[in-house]
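Enquirer: Two chains, two separate frames, one set of hints: put the complex together.
Residue numbers (the numbering used here), protein chains in the order written: chain A, 1 to 481; chain B, 1 to 204.
To be clear, the hints were calculated from the coordinates, so they are not data collected in a lab.
Here a beta-carbon is modelled for each residue, glycine too, at the ideal position from N, C-alpha and C.
Among the clues, some could well be false.
Stated by the list, open to error - Here are the in silico distance ranges between beta carbons for each label pair: (1) B/109 x A/99: 27 to 37 angstroms; (2) B/20 x A/143: 45 to 55 angstroms; (3) A/186 x B/167: 33 to 43 angstroms; (4) A/278 x B/203: 21 to 31 angstroms; (5) A/346 x B/19: 20 to 30 angstroms; (6) A/22 x B/19: 37 to 47 angstroms; (7) B/3 x A/186: 38 to 48 angstroms.
Stated by the list, open to error - Just so you have them, the derived chain A footprint on chain B, three or more residues with Cβ under 8 angstroms: (8) 14-23; (9) 138-150; (10) 180-188.
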Amino acid sequence: MATQLIDQFAKNLAADTQAAVYDGSKKGHEKRTKLLFDTYADPNRLRELAGEIKQHVIENLDTFLPAVEAKLQSNGVKVHWASSAEDACAAVLGIMQARGDKKIVKSKTMVSEEIELEHYLDKHGIETLETDLGEFIVQIDHDHPSHIVKPIIHKNRREIAKSFEREGLGAYNDDPETITRRARQFLRHKYLAADVALTGANFVSVESGRMVIVTNEGNSRFCLAGTKCHIALIGIEKLVPHDRDLGLLLNLLGRSATAQQLTVYTEFISGPKSAGQPDGPEEMHVVFVDNGRTDVLASECKEILRCIRCGACLNVCPVYRQASGHAYRSVYPGPVGAVLSPLLAGKKFPELADLPKASSLCGACNEVCPVNIPIPDLLLRLREKGKREGAKLAAAGTPPMGAWSLLASQPAAWKTALFGGKIINYLPTKWLPIPPLRAWEAKRTLPEWKGGEFRSWFRNRKVGAVAPNRPDRKPESKEGR
Amino acid sequence: MNSSREQILSRVNAALAPLAQRAALPDWDREMVILRQAQGLTDAWPLFAERMKAVNGTPLTSVAELVALLEKNNWKHGYCDPALWPSLAAAFPAGFTVETTYDRTRLDDYSFGITAAAGAIAETGTLVISDRGTSSRLGALAPWVHIVVLRRNQIYHDIPAAIAALPQDPNVIWITGPSKTADVEGILIEGVHGPGKQIALLVD
Ligand code: SF4
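Chain B on its own, in the form it takes in the complex (with noise of 0.2 angstroms):
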């Protein structure tokens, strides 16, 4: 392999060499990449709500609405992170099971995974999670409806201001909106690996 890294290196080496000057890095402003509809807006959480119902995600504000959607739709299986099952326990009624810890072997019996955000952007309706902060990556990813839980000040503005908050974590995901295909005839069909409908539970 080494041999390989030193031929690499030379041949970049003798590509560049001929150049008189390399191309500048330029500078730039970050508000250039910032959404023109999101400008002048401060308030979090409505325009993050706005734009997560733009990519077909769900945003809810409170457990009894999300208690409500899930009994609705038949989903009463699910796993939920053990650390936030005690506060959200008390809404669920007898029906609902919610294992706190994912089973890898029965991969189809959940329906609904419950884990916490570990940030979301406003401009674009995503949601941030991570390695550390993801009870377990199957249980997030797996089942039909995903529920991430956030608090207001876990909310960036923009793109930008997130990127420049990135944890030190070896796993960040950016979620906008449920999984998704076009690859059949460009027909749009949510729901292929991943969740089919991606929910957003604030706490606060």
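Pulled out of the complex, with its shape left as it was, chain A reads as follows (with noise of 0.2 angstroms):
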């Protein structure tokens, strides 16, 4: 039986990684729980009702998605519609072509990770350029972001000092505010020179056509300060039906995502800048993308379509905290991962199909979404799809069953085994050639064997008798029962 690939994973995690990871992710979880609780009344209703919202946009979609295009369109932006990502992306650059333009700057969008856009672009000998810090590090790095809202957090300071230095960003200096000074140096001329702006969007409203950018740093701003062309990428399940929804889910987001009350820049955009204005875009265009989430709205899991892309379920995930989000082989890592993940896939499902299994079911991941997103049940129901769909990776890790339900199934043989069970307590079970018992044990050790006094004490018994070692009990009446 193999292991599942999370865990091997999780072991060849190098100690300090595992320490940044585990750190990162508590430290925002126990922040965002003390903002929540300080300031509002009733934190939970307000995340049911943010729920309720997003599950209404999401079943609602064949008319919301018409009814946000016209309103686009009559602010003056073009709509594009892009059904796969290889559609996304030469939707893209459709547009940069049809401009003349070479150069991006990208704020952070996860729909650009996931179709995979810096690369084909590239290909067409287009530059795109990442200007979120953690990202800008990680399009340096060649590597991956491990976190949808802190893209290295499996990175330290020295490994980020030794990027810059080998980048010709200066001398090495670990020092934080150096490192983000020599960001903000660098970067702040690249705007200027770029020809568009290419961001995701939070939110858009149906209503007014505004679409919602927040970020901490500033970088999306500048993005439209100093480029003459804004593309945006939008999911198709971003949209909520009016601004007055954008109250709650702001609020929402922040407090979730990083455990502010609003995020530092919270952005409206309905359009192009005005005429007679210096600085801004004069064009501006919306790529609505597909790629599998229709395939989603199908499934029996489209409540995932309701997330807000907040990172507090992967913060508060024992097994992400232990595995980092590289474990999770996808764009998107933690248990919103889990779920998103394998049914963006497709026709791959199989290749992430131990991803449901990443998951002890504690349900916390369930208790801090900002909407509600029951990702416990998903994780259940998509065990139940790989199982069907006879997926190999579903059945990893799970030790085959047939000994144990021969056992249970036998009275005398049951017995038998619980009365040799304390044999156990003499046996250097370590060394035993049993893989599933050996990878159990490789990170925890056993617990003293005591079985069998349940079944004397229960046989023994008197009516309203007290539990062994429960002192606390009152012995019930017999009337009470």
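Expert: Here it is in structure tokens:
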């Protein structure tokens, strides 16, 4: 029996990477909880509401999508549609080529990671520069983000300082402030030299066609001040019905992502700059991307489309904290990724069919999710799908239950086994040639075997007797039964 | 592209067809999202100033205070919205260079930029600026210090009020404190791409 891929990854993770991910995610979670409960009387009701609003959106996309398209067009925005990753890349390239543009400055968008845009554009002679500090570091290292909000949570300052030195951004210096200032100085001139600003969007209001982009660093503002053309790549599920819904969702997003009341910059963008203004895009394009989302909508897990990519479920997940984001081998890590990535993979579902098993189903992800997605339920539905479709990885890590079911269905054998169980206390279990036991014992120690007592207690008990070791329990009276 | 459009919409239709009922849009009360700390407070400026300080912003109530702060830090070269400059100029002593056109080829020359507010949100200490109301997007963004000139009657009490009053403008920005990052080991650093110091200047 093979262990799960994710376990193997966790085992091979460098100790300081693991510590960085663990501390970073834990801190994020603690701050978030405090802020939510300090500021609202009923934060749980807010999460439910936000979930209901987003569920309404995804179940009415048939009317909302044409409606938002019309609104955007009346605001002077050109709307494109891309059903696959390939189509989305081609749409961006098409806009660039029609304008004769060569250089993109890019603000963080997960969709662009999903469609591998940078690689595609590079092949066609178009230069893309990441401007979010974390994504910039990912780019110069030819790495991948490991968290959807904190892309370099897996790196420490010494590694970053070495990368900066290698890229000619100054002599080795691992002071975070110096690192940040150097990136500031390097990037600010790049915005002005670029032709096109590429962004994602956190929300789009169907009512007004306003799209909302939030950043803390201000890089998306700089992209939209320096360049003449704005292209936004937006997943078709990002809509909200009305502007007023943004009041609720922005509050929840800021708190859940980075424990802020509001992210530093919240931009409401509804079109190209006004005539006569000196800076800002004269042309604006929205590319609505499907890339597997309509399959998710048709699946038993459509609730995952409510996700607002806050990262809170990653921060709180015991599996993510141990394994780090790259263990999920896909763009979306953590609990959200364990559901979304295998579904977005389409035909390649079997390759990621182990991800839904990377969870102890503790439920913490559902508790923190600002749109109240029942992630553990969705994981179970996906495990079921994996089994139904016979995906090999869906079975990895599950010990064969044959021996157990034989014992459990034969009372006599069961009793004998329980009696014989004591022997295990005297066996060198670490050396037994049973792979699942070995894998399990690699990180844990078996407790001492104490089997058999329940049966004798049950047989000898008097009605109304107190369970052994539970003097706190009062015997129940017969009438009370 | 059009074929993608039809394809997406028909897949959406097919996915939604089996639903017996669509999830309804819930009704909710705007009071629910107003911060506890802000409830019941009505005088907008003190609340705004307190909340702005909480996010490391700098609320000021006089031009003299602003000039003193700039002088102390040796921030002497700046940009100012041409419509605002006549009312501020008298308070700036000799030694300051203030330009009313922003020259993007000399990005690093300016240490401060002064532009006009389109509003503010008291409960979060947020400044609101807009495309039409800002004389230069770069002047409001690239210098280390950004000063937003604000009047009392521009301050909304809370987020729902500010959303209800979003201006008809292609680019409205809410600014809540200075630009910041925690990407490197989770350590907070201010002044990443945008201003490291965010100032609100109340002028009435
Ligand atoms: S699933 Fe929920 S908690 Fe996880 S990233 Fe999405 S919105 Fe946040």
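Enquirer: Each hint should be assessed against the structure and marked as holding or not.
Expert: Quick rundown of the hints versus the structure:
Restraint check, residue 109 of chain B to residue 99 of chain A: a C-beta distance of roughly 30 angstroms satisfies the suggested window 27 to 37 angstroms. Residue 20 of chain B and residue 143 of chain A have their C-beta atoms about 46 angstroms apart, which keeps the hinted 45 to 55 angstroms range intact. The hint said 33 to 43 angstroms for the Cβ distance between residue 186 of chain A and residue 167 of chain B, and at roughly 35 angstroms that hint holds. Under the hint 21 to 31 angstroms, the C-beta atoms of residue 278 of chain A and residue 203 of chain B, about 24 angstroms apart, fit the expected range.
In this structure the hint that residue 346 of chain A and residue 19 of chain B lie 20 to 30 angstroms apart at CB holds, the actual value being about 22 angstroms. At roughly 41 angstroms, the beta-carbon separation of residue 22 of chain A and residue 19 of chain B lies within the given 37 to 47 angstroms, and the hint holds. For residue 3 of chain B and residue 186 of chain A, the hinted distance range of 38 to 48 angstroms is satisfied, since their beta carbons lie about 42 angstroms from each other. Evaluation of the coverage hint for the segment 14-23 of chain B: fulfilled, as 6 residues show C-beta separations to chain A shorter than 8 angstroms, against a requirement of three.
Coverage of the segment 138-150 of chain B by chain A holds in this model, with 3 residues showing a Cβ closer than 8 angstroms to a Cβ of that chain against a need of three. With a threshold of 8 angstroms between beta carbons, the proposed coverage of the segment 180-188 of chain B by chain A holds, since 8 of its residues qualify and at least three are required.
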